[in-house]
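These protein sequence lines map, in sequence, to chains A and B.
In terms of our numbering, the first sequence opens at residue 262 and continues consecutively.
In terms of our numbering, the second sequence opens at residue 10 and continues consecutively.
Please keep in mind that the hints were generated in silico from the structure rather than gathered at the bench.
Be aware that one or more of the hints could be misleading.
Each computed EDC-like pair below joins lysine to aspartate or glutamate, with the alpha-carbon atoms no more than 16 Å apart [said to hold, decoys possible]:
| no. | chain 1 | residue 1 | chain 2 | residue 2 |
| --- | --- | --- | --- | --- |
| 1 | A | Lys330 | A | Asp342 |
| 2 | B | Lys298 | B | Asp262 |
| 3 | B | Lys305 | A | Glu335 |
| 4 | B | Lys93 | A | Glu335 |
Ranges between beta-carbon positions, derived for each pair [stated by the list, open to error]:
| no. | chain 1 | residue 1 | chain 2 | residue 2 | range |
| --- | --- | --- | --- | --- | --- |
| 5 | B | Arg328 | A | Thr340 | 14 to 24 Å |
| 6 | B | Lys305 | A | Gly292 | 21 to 31 Å |
| 7 | B | Asp262 | A | Glu320 | 44 to 54 Å |
| 8 | A | Lys298 | B | Glu55 | 36 to 46 Å |
| 9 | B | Ser303 | A | Glu282 | 41 to 51 Å |
| 10 | B | Thr324 | A | Glu295 | 22 to 32 Å |
| 11 | B | Pro255 | A | Glu320 | 43 to 53 Å |
With the C-beta cut set under 10 Å, the calculated list includes, among others, these residues of chain A facing chain B [as the list claims (entries may be wrong)]:
| no. | residue |
| --- | --- |
| 12 | Lys265 |
| 13 | Asp266 |
| 14 | Ser285 |
| 15 | Gln299 |
| 16 | Ser302 |
| 17 | Pro310 |
| 18 | Val317 |
| 19 | Asn327 |
| 20 | Phe337 |
Note that the Cβ used here is the ideal one computed from N, Cα and C, for glycine as well.
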Amino acid sequence: MELKDVENLANLARIELDEEEKKSLLTDMQGILEYVKQIESVEVEDIEPDYKVHNVWREDTLEPRNFSKELILEQFPDTQDNFLKVKKIL
Amino acid sequence: MIDLKSLTIKKARLALDNKEFTAVELAQAYLDEIKNKNNELNVYLEVYDDVLEQAQVADVMIKDGKSFPLLGIPLAIKDVILIKGRHVSSASKILENYIASYDATVIEKLKKQGVVFLGRTNTDEFAMGGSTENSAYGVTKNPYDTSRVAGGSSGGSVVAVAANLALGSLGSDTGGSVREPSAFCGTVGFKPTYGRVSRHGLIAMGSSLDCIGQIAKNTEDAKIIFDAVTGHDPMDSTSFNDDTYPSYKEKKDMVVGIPWSLVNSEGVDAKVKENFNQSIKKLESLGFKMKDISIKNLDIALAIYYIIMPAEASTNLARFDGVRYGLHKDGSNLLEDYMLTKGVGFGKEVRRRILLGTYVLSHGYYDAYYGKAQAVRNVLIKEFDRVFKDIDIIATPTAPFVAWKIGEKSDPVSVWLADIFTITANMVGVPAVSIPSGFSEVEGKNLPLGIQFMAPHGAEDLLFEVGKKFEEVR
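Produce the entire structure from the sequences given, and follow the hints as far as they go.
Following this line, the structure appears as structure tokens:
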């Protein structure tokens, strides 16, 4: 792994890192990948897991839920007319 | 003066029902003890300011003749479980001022019983860690030696019980986070079968691994808390019914399977091995038979855990972006909002795991890492089914070493190795418990050790029975 790989991953994960953090993470990631690389040498047969299948979907009917709409609205960083306001996406 | 040291949930219930003391007096006793010790140990991130009011409500219920197992009992809750109207932050800066908009199902159940919630306890940030050193609000100290870690990620919840700052607590266990700190601090740490206790209202880390665990002074108390929070929940699609798994009864001539090759492996401390061998002798004195078992891919379980869990965690933590709640850093456009918010809000270990998760799920690596890890996981599940045909429970030490000194382990992988015995239960979904098994003297201090038992899916009763028996002979 190289610094540009760390930058790429940070970009995908939407986390801003400064140069020092990138270098430190590179060292960490190299050590970690050394450890998890063991998996490459393992031979696995493709085993189908046993599934216990049952339906967890509910009917599309109105059901009361116990949550606070006020607390949710209060915590929106930016709102307008009880809508969540965000910066433009497109 | 209520003697908190010798108090258990069972004793407190009798005392409350016999009017030896009130719920308010009991709660006050804990508040006083918290005042004495919390600054040093850093157990509670927040002690609720309405504890006595909650206790008053419990006292009214008791006066009205109501009696639930946990009525008026003061419990601590890990800072990852939502209580409506109260702060919950996963010990992260990114949720520092977040207020829960609903109760977790386990909290609803505890509220019905009239539990007194003392406060929210410290944890590794987003439950990522084995020492509580990764909290954004400081480490929690081990009461047996305050220069050492309490273990993690449920360090706060465990020390709350170990240091008599609560009579019981809830934690979360994704790779051992209730069992490992319990071993380090001498408490019972119980992880139910995956799906036995609802995850609705638990801040998710690894959705196929997370379990809400129970922490108490002894097995009997842990069972009381477990019974209160268990049950099918339509709000958690992975929660199962009472009849999903067969119930297990302890039988004569119980057979204990021990994966000796893992127990005797190099990374396991000599004192841990010695203590485990002593525990085995005690089990034999109970009439249990020991059997060496071999589980395919057990030696690689930790590596695949650290592929699957970061992958799931990176997905789960995507929601913390400053858009709907939590920390919001303003950039010049939406992308910058995300980058700045996450850049500032997430700590080091969290970033490592998000990046690792992103890597193993990314194009070109998905099959080699995540795909393969899941395949190995399926093998492990089948292997456990196979060995449980000839044995009743599996025993291992809970952790390969005792609590280390705060700051001693700077290499992330070295901390991960503490999970070597615990992660399999999460990977496979079986219930597991850590029971205190003795002490190891290190630099003049007695550091606790734990023995871990695992049982088949749904066999929590078996674990409670075995745990209780072991407590009588240890």
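Evaluation of the provided hints:
| no. | hint | result |
| --- | --- | --- |
| 1 | A/Lys330 <-> A/Asp342 | 14 Å, holds |
| 2 | B/Lys298 <-> B/Asp262 | 7 Å, holds |
| 3 | B/Lys305 <-> A/Glu335 | 52 Å, violated |
| 4 | B/Lys93 <-> A/Glu335 | 14 Å, holds |
| 5 | B/Arg328 <-> A/Thr340: 14 to 24 Å | 18 Å, holds |
| 6 | B/Lys305 <-> A/Gly292: 21 to 31 Å | 27 Å, holds |
| 7 | B/Asp262 <-> A/Glu320: 44 to 54 Å | 49 Å, holds |
| 8 | A/Lys298 <-> B/Glu55: 36 to 46 Å | 42 Å, holds |
| 9 | B/Ser303 <-> A/Glu282: 41 to 51 Å | 43 Å, holds |
| 10 | B/Thr324 <-> A/Glu295: 22 to 32 Å | 24 Å, holds |
| 11 | B/Pro255 <-> A/Glu320: 43 to 53 Å | 30 Å, violated |
| 12 | Lys265 | 13 Å, violated |
| 13 | Asp266 | 8 Å, holds |
| 14 | Ser285 | 8 Å, holds |
| 15 | Gln299 | 5 Å, holds |
| 16 | Ser302 | 9 Å, holds |
| 17 | Pro310 | 5 Å, holds |
| 18 | Val317 | 4 Å, holds |
| 19 | Asn327 | 6 Å, holds |
| 20 | Phe337 | 6 Å, holds |
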